[in-house]
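The listed protein sequences derive, respectively, from chains A and B.
Using the numbering used here, read the first sequence as starting at 2 and increasing by one per residue.
Using the numbering used here, read the second sequence as starting at -1 and increasing by one per residue.
The hints are simulated quantities; they were obtained by calculation from the structure and are not laboratory data.
Careful: at least some of the hints might be erroneous.
What the hints assert, rightly or not - One side only, chain B facing chain A, incomplete, derived with CB under 8 angstroms:
no., residue
1, A53
2, M81
3, E82
4, K96
5, G114
6, L118
7, E183
8, K186
9, V216
10, Q217
11, K345
12, P346
13, N348
A virtual CB, placed ideally from N, CA and C, is assigned to each residue, including glycine.
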Amino acid sequence: MYIGSARLSYRADEAIWQRPAHRGSVAALLLALLLLPLFGNDYTLLLAGQLCIYVIAITGLNLLTGYTGLISLGQGAFMGIGAYATAVLASRYGLPIWITFPGAMAITALAGIAVGLPSLRVRGLYLTIATLAANVIIIFIIRKMEWLTGGDRGISVTPASIFGVPIQAELAKYLLIMPIAAIFVLFAQNLFRTKVGRAFIAIREQDYSAEILGISLLRYKLTAFALGSAYAGAAGCLWTYFFTALTPNQFDLGLSILFLAALIVGGMGTVLGPVFGAVFVVLVPEVLRSLASLATPYYPMALQATAPLTEIIYGLLIIGFLIFEPMGLTALWNRFWRYIDRWPFTR
Amino acid sequence: MKNQSRRSFLKNTGAAAGLTALGSAGFPAIVKAQAKEWVLGASMPLTGPYAMAGALGMPGIIDFIAMTNDSGGIGGKPIRGIMEDSGYVPSRSLANFKKAYAEAPDMAGYFGDSTGFMKLLAPELNDRYKVLTGSTSFASELANPGTNPYQYVSGPTYQDMFGILLQHISEQGGKRLAFVYSDTEFGKDPIPYGRKRAAELGIEVVHEEITKPAGAEVQTHVAQLRRADPDFVIMHGYVTGVWPAIIATARAFGMETKFLGTFWAMEKVIADKASAKVGEALDGYMGVMPYRYFYDRADAPAYQALDAWNKEHNEKYPGYLVTWYLEVRITLDLWHQAMEATINADKPVNGDNLAAALKGIRNWDSGGFFGKPVTVESHKIAQGRVYAYNAGNKLFLPVSDWLEV
């Protein structure tokens, strides 16, 4: 009987999910995601779709912040670039999603490279402030380019269409977004089994040492920015088709902070961290709000007291996680699997 | 309206309740064929930056449902409310809408809490949901049955409000005007129209000052205003903050410019609070109010009914209902009118029929909310009145007649 993570071959050592139980859990999760439309209504699918978009954006942030150590407060604005690039390409030039999706990723990646240039000279908090400034500038530009973006009035797009089928219903949107999110997460997982991913981690651990070892900081830091931003661009593109109406304030600094908070709560530098983080920031407030409105049918004014309470509870939950599980929700997940892996010898 | 007293208003309401009590036998067949209750959804910002406005507006929904149900519901069926907090985040409001719709696919009406939400909802509302939706927004582009067939504005749009103010300034002989507005969609909405209309009236816009919607550096902005030296300043895009501070600072700088505002910056409670801090600086501040203030209820049977209801049911009722409450209430009263008209015409209660019924509202007596009989044109009610704040008695008092745009 094998316990723990015994790896008896190179193939096993390189496997993404190393134990049958891991593979089973991933299969169960994918099955649940596929079956969700059978049980979920529009509201459930809206949340699931939004969650998947957040997973993509936060995974992009994770590549940058969690793996490469470049803390960014600009992910929300990058997502805005992707969203507006999509809206402009689709509404003004009538381009289909096959072009707008990679187009949005490419445009956002270029913006990411531009914003990432200071990372070659500044690090830590200084870089964070630089990305924060980029966030403000990007949103400012989006608002001021009224002739292109509609400014504060926003811009609308017609729903995406694939093989002539309009992606309009919540179910269709979900079935478009969910597999893309899964592929993007898988790509991130695989990235860290490659030279590029290892270079990111080396830069995170000590960039000067990495450079001495022959890792080009210019190349890999900008690659990290480009990749992280491309993820945000993909999320922005899907966001556009998901909601079909954009205004600049959807992508303000609050969204970037939310993504960073989700990453910290979920667990930085882990592939599952963004997934857990997205689940936390999307579902926990919804659950709390649902609980808050439980009394409404009997005592309508109760919502006035319970609604602010949910904000306090949500804040306390975040603080609680930071205090009791600073490694994020992923650490709890890993601990659970360590217990399973070592069973029956676990204590 | 003037020939309808509070007593007759209550009598009429009671008569409607009596009819209801006779049972559903007398109601059109369509009522019996549809759901046992009418579902009315709502998103309100009970948390977030506009929590105060949300908390004071929310009772408007709750009281509307309770009062309507007490008087027999609509077409003999009660209203059930599905209310959620939005935090003033449009995507959350959208989730609330979809949650309510999933719970009640025959939802008959919805109340939204922002222009952002109304825009976010519009594409799917037009294509799929088709639920008649009112909101807190007076955004000009919402009042367009062509692009937003299921959305309506329960008063004049911001452009209309600017039109009324500019007309008033013109009549006062104003020649030099400045706009101060927040750097938001809300703040910028009527500005292009304002520039155009001012030019038509021969008023020169000598300065435009753009501020943050909250926490603006007021002294810097007022210094710019003083340099421009306008006769009149129209402020727009504010709710609880900034506008009182701008006026108070301008007075402290010795400016005698007249300040004017629009609906969301015309609440007595806010003006009173500011006056408690800065003395009489706000005296003479003017603005457009689509509705009568609640204390002006001698000729307003609907307000008297609200007063009586709150005295009976609300222990903390201070004797005054804020304008935000009134906006919520009239929005729902318009929906109520559309519902009644649809049911009486024996048509199914759905978005298309309700929107058609809304358009059909002509010379309706609102019970005092509006000064003139209400006619819905382009999904809005283009009338209002200019009021001025009196710091002595802490009341906004009318300085114009009811004006139609």
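**Q.** Hint check against the structure, violated hint numbers in rising order
**A.** As far as the earlier hints go, 9, 10, 11, 12 and 13 are violated by this structure, in ascending order.
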